[in-house]
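Enquirer: Counting with full-length UniProt numbering, you get residues 1 to 253 for the letters of the sequence shown.
Just to be clear, a hint being listed does not mean it is correct.
Pairs of lysine to any residue, SDA-like flavour, derived with a Cα cap of 20 Å [what the hints assert, rightly or not]:
1. Lys3 - Lys114
2. Lys234 - Leu207
3. Lys190 - Ile164
4. Lys114 - Ala230
5. Lys128 - Ser110
6. Lys115 - Thr129
7. Lys190 - Tyr219
8. Lys67 - Lys128
9. Lys195 - Leu147
Just the calculated beta-carbon pair ranges, DEER-fashion [said to hold, decoys possible]:
10. Glu35 - Gln189: 11 to 21 Å
11. Asp44 - Thr22: 21 to 31 Å
12. Ser34 - Ile151: 15 to 25 Å
13. Ser172 - Gln250: 43 to 53 Å
If you're looking for bench data, these hints aren't it; they were derived computationally from the structure. Cβ atoms here follow ideal geometry from the backbone N, Cα and C, with glycine treated the same way.
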Amino acid sequence: MPKIFIIEDNFLYREQLRTSVTRLIKDAYFLNFSEIQAPTNIFDFFQTLPKIAIHDNDVFILDIDLKIQFNGVDIAKAIRTLNSNCFILFFTSHPQYTLDILSEHILPFSYILKKEDLLAETFHELEKTVNSINNFIKIRVSSKGFLHLKIDSTVVNIPYSDIILIQTIKSSRGTVDLITKSGRFVFNQKISELKKQIDTPFLYTGLNSIILNINEITYISKIEHLIQFANGLKIEVGIRIINKVKKYIQSLN
């Protein structure tokens with residue numbers, strides 16, 4: 001079961017975060033979290049981080065401006081080396097840190113700005129964000145379907161969760177390139193026919209010649225015209241496609 005980690009060096013905020021998240025889990029329809037961890041010794045937590053089993057649905061709520069040798073961005077970078085799909089939520093008083101985060105390709109789920117004089121508003125924003133994370137987790141957990149293919153007279157069933165990218169091959173009309181976590185398939189079929197099969201929201205079918213697994217996306221750049229996936233695959237696309245993908249991801253929040 002997923003875990004929630006609260007990394008905050010201010011005792012008051014840490015306990016308020018713990019209380020708010022605990023209440024959210026009890027009051028709403030949430031998947032069962034196995035535990036909420038709010039370490040008081042953040043240095044020790046950082047040192048032992050490589051030994052922690054981090055799962056895709058784990059949630060990290062990170063204060064950026066820690067009063068120690070490193071900050072929340074450093075912790076987030078370490079987390080991303082261990083798991084590219086878990087949820088990172090930054091909790092900060094300094095919005096200028098967002099530029100540093102963008103340059104590090106951390107891809108956090110969200111940022112919440114601490115408002116010392118508006119605690120109720122701050123924690124209301126936290127509630128909305130955690131609810132959005134919960135919606136994503138429910139999508140992941142419910143995406144147990146299969147894509148059914150016939151390749152060279154052999155029926156192949158590929159789990160939705162194993163798919164990274166499906167795209168048409170421009171140089172070969174009616175040919176599809178399907179890339180999964182475990183291999184690659186090239187076969188004759190219209191991508192429009194595959195779209196009709198797909199009934200899970202995390203496979204985005206709103207583009208003409210590409211189907212993307214949004215859970216596998218780790219980096220999107222308009223400047224570089226680039227989308228990168230958890231397995232290291234990179235594809236170059238136009239700004240219009242990037243805008244559509246970003247808009248779709250935001251619509252699921």
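Enquirer: Failing hints, ascending?
Expert: 1, 4, 7, 8, 10, 12 and 13
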